[in-house]
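Colleague: Sequence:
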Amino acid sequence: MPRHRGQDAVRWAVAMGDAVTGATVYWLNNVIDGGDILLQKHIFIDKNEDYHELWKKIFPVGVEMLSKAVLMIEKGTAPKISQDEQYATWEPSFNVQRLKRNELLQIERR
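So that you can map any letter, position 12 of the sequence shown is 12 in the numbering used here, and since no number is skipped, the others follow by simple counting.
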């Protein structure tokens, strides 16, 4: 949102003691979690919540937002709001080691 991009974003929000996180539906592009925002909702984190409890709170919000996003796209009313990159971070996985893929270094970045 755009803070804590990556597969363990919710876990990082709890681990770093964030007071607020959220759910974001964004347009896909070539940057992981970096596309323009279609919908976004802020969610407060209870200081006693672990990331499992927070996921249980966020999941139904995300499902509702995805349903709404599909309707907006069908109607042609879906916005494209640029993310503010100054707040974005990339967080590694908590328990999966990063793969070293030398062939990916050959791909030209644009």
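If you are wondering where the hints come from, they were derived from the structure by calculation, not from laboratory data.
The structure displayed is predicted, hence computed values, not measured ones.
Don't take each hint at face value.
Stated by the list, open to error - Label-pair distances were calculated between CB atoms; the ranges are:
| hint | residue 1 | residue 2 | range |
| --- | --- | --- | --- |
| 1 | Lys47 | Met72 | 23 to 29 Å |
| 2 | Pro92 | Ser67 | 17 to 23 Å |
| 3 | Pro92 | Leu71 | 31 to 37 Å |
| 4 | Val20 | Pro79 | 32 to 38 Å |
| 5 | Asn48 | Pro79 | 18 to 24 Å |
| 6 | Asp50 | Trp27 | 19 to 25 Å |
| 7 | Met16 | Thr77 | 30 to 36 Å |
| 8 | Glu53 | Lys80 | 21 to 27 Å |
| 9 | Ile73 | Asn30 | 28 to 34 Å |
| 10 | Asp50 | Asn29 | 29 to 35 Å |
| 11 | Glu74 | Asn95 | 34 to 40 Å |
| 12 | Asp50 | Lys80 | 20 to 26 Å |
| 13 | Ser93 | Ala19 | 30 to 36 Å |
Note that CB positions come from ideal geometry on N, CA and C, so glycine has one too.
Colleague: Go ahead and decide if the range 32 to 38 Å is satisfied by the Cβ distance of Val20 to Pro79.
Modeller: violated (21 Å)
Colleague: So the hint says 28 to 34 Å: do the beta-carbon atoms of Ile73 and Asn30 match that?
Modeller: The hint (28 to 34 Å, Cβ to Cβ) is violated, given that Ile73 and Asn30 are roughly 20 Å apart.
Colleague: Are Glu74 and Asn95 spaced within 34 to 40 Å by their CB atoms?
Modeller: holds (38 Å)
Colleague: Indicate whether the distance between the beta carbons of Asp50 and Asn29 respects the range 29 to 35 Å.
Modeller: holds (32 Å)
Colleague: Given a hinted range of 18 to 24 Å, is it respected by the beta-carbon distance of Asn48 and Pro79?
Modeller: Hint violated: Cβ distance 35 Å, outside 18 to 24 Å.
Colleague: Against the range 20 to 26 Å, how does the distance between the Cβ atoms of Asp50 and Lys80 compare: consistent or not?
Modeller: Violated, at about 34 Å.
Colleague: For the hint 30 to 36 Å, verify it against the beta carbon of Ser93 and that of Ala19.
Modeller: For Ser93 and Ala19 the Cβ distance comes to about 24 Å; the hint is violated.
Colleague: Does the Cβ distance between Pro92 and Ser67 fall inside 17 to 23 Å?
Modeller: Cβ of Pro92 to Cβ of Ser67: about 31 Å, so the range 17 to 23 Å is violated.
Colleague: Verify the CB-CB distance for Asp50 and Trp27 against the hinted window 19 to 25 Å.
Modeller: Hint violated: Cβ distance 31 Å, outside 19 to 25 Å.
Colleague: Can you tell me whether the CB distance of Lys47 to Met72 sits inside 23 to 29 Å?
Modeller: Hint violated: Cβ distance 34 Å, outside 23 to 29 Å.
Colleague: Are Pro92 and Leu71 spaced within 31 to 37 Å by their CB atoms?
Modeller: holds (35 Å)
Colleague: Honestly, do Glu53 and Lys80 meet the 21 to 27 Å range at C-beta?
Modeller: Violated - the Cβ-Cβ distance for Glu53 and Lys80, about 32 Å, lies outside 21 to 27 Å.
Of the numbered hints given earlier, the model fails hints 1, 2, 4, 5, 6, 8, 9, 12 and 13; all others are met.
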